[in-house]
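Undergrad: Be aware that the sequence shown starts at 0, since it is given in numbering that gives the first Met the number 0, and climbs by one per residue.
Calculated from the structure, these hints are not laboratory results.
Check each hint, because a few of them may be wrong.
[Stated by the list, open to error] Straight-line distance between alpha carbons at most 20 Å, and here's what the computed SDA-like set of lysine to any residue pairs gives:
1) Lys53 / Thr67
2) Lys174 / Lys236
3) Lys46 / Gly107
4) Lys236 / Gln249
5) Lys174 / Arg257
6) Lys53 / Asp83
7) Lys215 / Gln237
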Amino acid sequence: MTSIDPRAIVDPSAQLADGVTVGPWSIIGPDVVIGEETHIASHVVIKGPTRIGKRNRIYQFSSIGEDTPDLKYKGEATRLVIGDDNVIREGVTIHRGTVQDRAETTLGNHNLIMAYAHVGHDSVIGNHCILVNNTALAGHVHVGDWAILSGYTLVHQYCHIGAHAFSGMGTAIGKDVPAFVTVFGNPAEARSMNFEGMKRRGFSSEAMQALRRAYKTVYRQGLTVEEALCELDEAAKQFSEVALFRDSIQASNRGITR
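Using the sequences and the hints given, assemble the complete structure.
TA: As structure tokens, then:
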């Protein structure tokens, strides 16, 4: 059964599925759709067009689906789409898209967005990602599945963070981060690969050794990116993980963090 605190304000056109709870002093505007068993705490503001899936938990003082401050935005009806089973902690801000890009900001499934993190317009976050406290994504940022961005990480607009990548605390990312790579510093520098994360997710020792060799090929042998990618072709045929690493480099438009 849907439970709306009498002190909340919910627009009559908003669609709340069974099991949704809305806490006191929260505001849910028009053109908002919220899926089953999603919990909205107190003092949350949700503006549309926004679609939120099932079993999400959105904590107090978050602002979800607000207009972007991008100066090109002129009030167009862009969207925010949030998947299932996400945890959005206190004070998080997630802006809708712009028509200059996808016209949509997207958050996948099973993500943890910790306190005071910001997700800018047209960003795309995959599944099982963690944005630690005060991480900030500028507009048009893409974050791959299982990536972890530690506290106070800053990501420049249009950067792509590969799947399973990791950033240390206070990292400032201005170029793309390939899949599996660990970066630290301001500006960010590649330090290693996220082997601890791989162990926790059950990667085989053979795959991790192949990735270790691939990392050294790209980062330790003094090769150009093009030369290194050619060197990875054979290992990529044997290991899908190396193929993912290689493909994330090939897809880079901004250049990779090195």
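Undergrad: It remains to establish, for every hint, whether it holds in the given structure.
TA: For each hint, the structure was consulted:
About 25 Å separates the Cα atoms of Lys53 and Thr67, which puts this hinted pair outside 20 Å; it is violated. This hinted pair does not check out: Lys174 and Lys236 have alpha carbons roughly 27 Å apart, beyond 20 Å. Between Lys46 and Gly107 the CA atoms are separated by roughly 18 Å; this keeps the pair inside 20 Å, and the hint holds. Between Lys236 and Gln249, the direct Cα distance comes to roughly 15 Å. Compliance with the 20 Å bound is thereby established for this hinted pair.
For a cut-off of 20 Å, the pair hint linking Lys174 to Arg257 stands: about 9 Å separates their Cα positions. As the CA atoms of Lys53 and Asp83 are separated by approximately 5 Å, the hinted pair is consistent with the 20 Å bound. For the hint pairing Lys215 with Gln237, the CA-to-CA distance comes to about 17 Å; that is within 20 Å, so the pair holds.
Of the hints listed earlier, those the structure fails to meet are numbers 1 and 2, in rising order.
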